[in-house]
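Chains as they are written, first to last, in this note's numbering: chain V, 1 to 258; chain H, 1001 to 1457.
Do not take every clue at face value.
Derived lysine-lysine pairs resembling DSSO-like cross-links, with alpha carbons at most 27 Å apart [to be verified]:
id, chain 1, residue 1, chain 2, residue 2
1, H, K1369, H, K1238
2, H, K1176, H, K1105
3, H, K1055, H, K1031
4, V, K97, H, K1455
5, V, K231, H, K1035
6, H, K1052, H, K1062
7, V, K231, H, K1062
8, V, K231, H, K1176
9, H, K1062, H, K1031
10, H, K1006, H, K1055
11, V, K231, H, K1238
12, V, K231, H, K1088
13, V, K231, H, K1455
14, V, K231, H, K1052
15, H, K1055, H, K1238
Label-pair ranges, simulated between beta-carbon atoms [unchecked claim]:
id, chain 1, residue 1, chain 2, residue 2, range
16, V, V195, H, N1107, 29 to 37 Å
17, H, S1090, V, T230, 14 to 22 Å
18, V, T98, H, T1019, 28 to 36 Å
19, V, N178, H, R1456, 57 to 65 Å
20, H, S1090, V, L214, 13 to 21 Å
21, V, F127, H, T1429, 29 to 37 Å
22, H, T1019, V, T230, 18 to 26 Å
23, H, L1428, V, M1, 44 to 52 Å
24, H, V1442, V, R255, 43 to 51 Å
No lab work stands behind these hints: they were computed from the structure. This one's a predicted model, so the numbers in the text were calculated from it and none came from an experiment. All C-beta atoms, glycine included, are put in the ideal place defined by N, C-alpha and C.
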Amino acid sequence: MRGALAVFTRELRSWFYSPIAYSIVAIFLLVTGYFFYAGIAMYSVASLEMSRLSQFMGPQELSLDDQVIRPLFGDMGVILLMMAPLITMRLFAEEKKTGSIEMLFTWPLTDRQVLAGKYLAAVTVLFVMLAPTVSYFGFIAINSQAPWGQIGAGYLGLLLMGASFMALGVFVSTLTENQVVAGAITFGALLIFWVMAWAVGRDTGAFATVLQYLSILEHLDPFTKGVIDTKDLVYYLSFIFLFLFFALRSLESNRWRG
Amino acid sequence: MRRSVKYGANALLFTVMVTAIVVLVNLFSIKYHTKLDLTPLELFSLSGQSIKTLKTLPEKIKAIAFAKPDSSETATDLLEQYAYESDKFSFEVIDPDSEPVIAKKYNVSVYDTIVVESESGRVEVASRISEESVTNAILKATTSDVDKIYILTGHDERSVDGDGSQSWSGAVARLKSAGYEVATLNWFETGEIPDDCNLLIIPGPRNDFQDGEIKQLEQYLAKGRSLFISIDPGHYPKLEGLMERYGVIFDDNTILDPVSENLGLDAAVATLATYGDHDIVKAFRAASFFPVARSLTLRNDSAVKTEHHILGSTAFESWGETDITSIEKRNPVFDEERDFPGPLILMAAVTWGIGNADKDAPIGGKIKKGRMIVAGDTDFASNATLQLSRNADLFLNSIGWLLTQERRISIRAKTKGFNPILFEANELTLIFWVLVIVMPGVAVVAGVLIYSWRKRR
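Next up, chain H with everything else stripped away, as it sits in the complex (with noise of 0.2 Å):
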């Protein structure tokens, strides 16, 4: 008796010992542990920017996803790589029909919102399961400097309320939901860009500047700050002509392009099918669309010395039609002598040098430089065409680059896309009769023809 109760005290003192070790192994491994991606696209790993904002983060992040049932499951796979590459971040994942009370403290009245709050009571909302919108709303709830965008009014610009299908509404939209602040500029009124001017967007002016405008765009440039400027096809020789000094000259055309007609679109639509070697629009595999478009020129003997990139280019099919009559008829045909023929460039990024900065740089030093985007077309980023393909992440990317804000540049989907795999009713059929059939069929003769032969010996 004694002896089987030393053996079991024995036995439960090291079983409550192994058992302990376990444990411990297994608490370790909750807060060290590494994962490897087998997916294909990768698509439970997040993007460079996200890890980097990430393992950054000065201070604590919750993120709340209100989701639907079915998207549940969505939000939690990306939430989880969120919290996976850092401690620093939280999430839960709940279902406002069934916790109205949370969802009315964080005023949310849409599926699929995901609230992120820091833990100094900064809330952002991110409007959709993504891993952009996601990322762009914890910069937002952890940054406190905001770049400030101005948008030139007065000239006719293009608008940016109202919900035309011409408004730049919903660029604006995506701006402010991107983290920047974004006020209009009418110069008319303040006579100066303000010194609080991170970037000024120039829409597709209708009028030309005058001579103190230009005059003031100039020193505005001169020292280093960065400009958006799009320019329709038109006459605007004031503007054009500094323009010209960055050796980007706005051709007199409109471009016509026979791939959007096989797109099914209008040939007055510009397919940008070709995208330059630049960090703007080197993930991009899909086109963009830019309707009633002009060509640009980009030239290197300009007065200021300037570096161009061409961020993105038409087809060889397209051309710049000089005649505007013929298209208003109708019946407009490339005319070797006077049209542009294609490729033609419809967006380029500009860089200079700021001063002397270029002789007195010290060799392999940095220099400061101004940074520019120029393009031939506005409707690009107008309410009816941003959210075709890719023109909404043109858009955003050319503004993180203006802002030099590499923390803000917007992140590719990645979505698991459509796969779609047809089988015809006989192969269906055959897969019933291999799968379910034959297979446990095959298993249950040999168990059939061994249990027989077994008997039989």
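Chain V with its partners taken away, still in its complex shape (with noise of 0.2 Å):
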């Protein structure tokens, strides 16, 4: 446990005593800001036109859950995706290849210690992306009731996902000393989890049924629709649990390779 907690108090510094942490969560804030800024601006306007055309048809369905709430957790899910292999990239790769891996290989810690440390401080600096935007539902519940139970279960969602994203890269960067390669093979093997289902189509036969269930995509919905499934919880867990698993063989395989 002192070993993992050294580990990650040794990468979050490394995260946050240099530019890299600080420019990765201002460009997500850019960018997520700006997409809730659009989506809150259009449904003003919207708003604005129902309004008139309920004097004229009748009651008309505008909610603030479909155009603005789900669509940004689904938008945030996307630039998680892309940015995601950033943050793992370097966890090893990085050591591997500057040689500093030796060094930490020499303390007197196990490979557990190492990965949980590593682990723990990507999802870290994922938290420190996410908790900010928190405030802008503040926006909405200025003006108007905000779903916090929604909004809740959005975020449990994002960070379920985002924690996958991670181990998946965390992985990835155990195999390779070239961090390019690993934040290429990362990105591309998210991009193949995220759009599994897309080649589903009608097809119900057990293959499609598989592929439907391993997209990652998939089991974002239910939560940022406001509803936890245990059958998601499952996934996300498992993908977690897989990847670090297969991170830690990998790390372990070191040894006995020679």
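Two chains, each in its own frame: build the complex with the hints.
Right, dumping it as structure tokens:
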């Protein structure tokens, strides 16, 4: 535990003592902030038009959940997908390249502690990216009732999905000593997991069902609409567990491959 | 070399085993899962009635939604909830334009139609993407015994065909789509009320009944069979006399309602503003509208011992005008002595024990009771008005209650509603500055400061 904490602190220091984390957080906030602003601005216009329309056409339907909140979580998911490789690609690849990994291995640490420390640091960066965006919904709460339950579920989904991205990224980073290769493979693999269900169409065969289940996007959707399903929780936790497990096997292999 | 092969094989075996366990855990979680709906209105949870229907499905059901691309998400959201509640329910959402063959097979020519097919091959159509529509289609596809409703004709009652504004054709279509068999009954032709009649509807007769007919109706009610009757303003002494035996007086007035005028309607439209405490109306939060209605008075001292439940009344401001000519002259004024003061009862549910059931029934046992719904207006379910506010739900729930078919009570549609949020231009500018400039800017400045501080050290 203490070993993992040491790695975690060392890792966070390297993140936040350098401009990397700040630039990633700034870009993330810039893009999501703009998406939210655009969504709210369009919603405001639609509200005005629909209010006028409802005088002639009877009751209209216009919901913040559908027009602003769900799309925003979806957008944040896409941005995370693009930024996750940037966060994870250096975790092991860089240390391998510079040779500092050898130094790390000479510390009295198990592979598990090294992995846990680095992974938790990556998840912390994810958390730092997402946390400021909660304030967006404050702007909704000022003018209207914000559906906090749904928003909470959406963030839980985003965190789980982001943590899954990180797990896959960490694993890929253990495979190579080239950061760009690690980043490219991670991005490609995440993208495949993302679009997996697109190929299914209306095929209902076993293979299609499996593809659909594996698709990482399918499991985010319920969270963004405010529904927490144990099945989706299990999916994300399994995803995280499995890729961290692979990463651990990969690290261990360094010892016996010689 | 041999050592690394051994380690490699071990690691591979271990990895395969762990992966297999994770796959099993996931398979288990797909089969046994539960969910928590955090939306304010539980938008993604079905009503108790739908869940009951799904839990008692006698056979497998498959639903195919023919949805436009922009409504396919709504259809998926809805049908996923059905699939969640029952393993016997499966569904797919398809675009009829890209799959015309399937659309043709089920004869679907309208967007947003959901076809429900049971394993035994019964096909029913839900014409809207709504819980009510889908649940009723499932019920129809899986139930074999159908309730038969007869609608009386022969006294110039409301017509049930044609699309005139006064016609009840829309109401009849709703009954049919809810799974009931509906037929008209001309007493002069049959001479009696058929045995397979589960519910008789008398929609606003404009001629009074004959003595023989009253007697038959009385016998029908005495057997505990169900009746829905609406009588518009006018004089029908024999029919009104029969109703009086059940404690229901149809007052001789026409309701005038300033509340309706405030809503932009005619004063002769009575607004049902307060619902009673009854299963039929307990979920209703919006008004219903009764054009040209009379009020009801309920009495406990009737010849037949009855129980009355008010379903709805008008607001305090309304009154029952007795001077018809003043309405025609458009200058009606409330006359304290002659007119009926509001609130006025518009609709009521009546039950009565059968035979000596009251005396003979075992303590705590169930007595079979006759059921009747009386309304002081027929127009509330006519084509012109049925679509307004809660009118259709009021009608369908009443029919459901009369047939004691709780399985078929209409389901209140959960809509996301209309939640406009208006931001002023300067508010939007502020949001833009805070979110797009200030917040990322803070991160950039923090980064620069830390970096230069580290460099200096």
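Q: Starting from the hint 44 to 52 Å, judge whether the C-beta atoms of L1428(H) and M1(V) obey it.
A: holds (49 Å)
Q) Has the given pair, K1369(H) with K1238(H), been kept, meaning a C-alpha gap of at most 27 Å? A) holds (24 Å)
(Q) What's the verdict on K231(V) and K1088(H), does the C-alpha distance respect the 27 Å limit or exceed it? (A) Measuring from Cα to Cα gives roughly 18 Å; hence the hint holds.
**Q.** Range agreement (Cβ of L214(V) with Cβ of S1090(H), hint 13 to 21 Å)
**A.** holds (20 Å)
Q.
Holds or violated: K231(V) and K1238(H), Cα atoms, limit 27 Å.
A. Judged against 27 Å, a Cα distance of about 65 Å means the pair is violated.
Q. Is the straight-line distance between the alpha-carbon of K1052(H) and that of K1062(H) 27 Å or less?
A. holds (17 Å)
Q.
Run the distance test for K231(V) versus K1062(H): straight-line Cα separation, threshold 27 Å.
A. holds (22 Å)
Q | 29 to 37 Å as the expected CB spacing between T1429(H) and F127(V), which holds or is violated | A | Taking Cβ atoms as reference, F127(V) and T1429(H) lie about 30 Å apart, which means the hint holds.
Q | Hinted pair K231(V) and K1176(H), Cα distance within 27 Å | A | Not OK: K231(V) and K1176(H) at ~39 Å, beyond 27 Å, violated.
Q.
With the threshold set at 27 Å, check whether the alpha-carbon distance from K1006(H) to K1055(H) stays at or below it.
A. Judged against 27 Å, a Cα distance of about 53 Å means the pair is violated.
Q | Straight-line alpha-carbon gap K231(V) to K1052(H), limit 27 Å | A | Holds, at about 23 Å.
Q: Compare the distance between the alpha carbons of K231(V) and K1035(H) with 27 Å, and conclude whether the hinted pair is satisfied.
A: Given pair K231(V), K1035(H) holds - Cα atoms ~8 Å apart, limit 27 Å.
In terms of the numbered hints stated before, the structure departs from hints 8, 10, 11, 13, 15 and 19, listed from lowest to highest.
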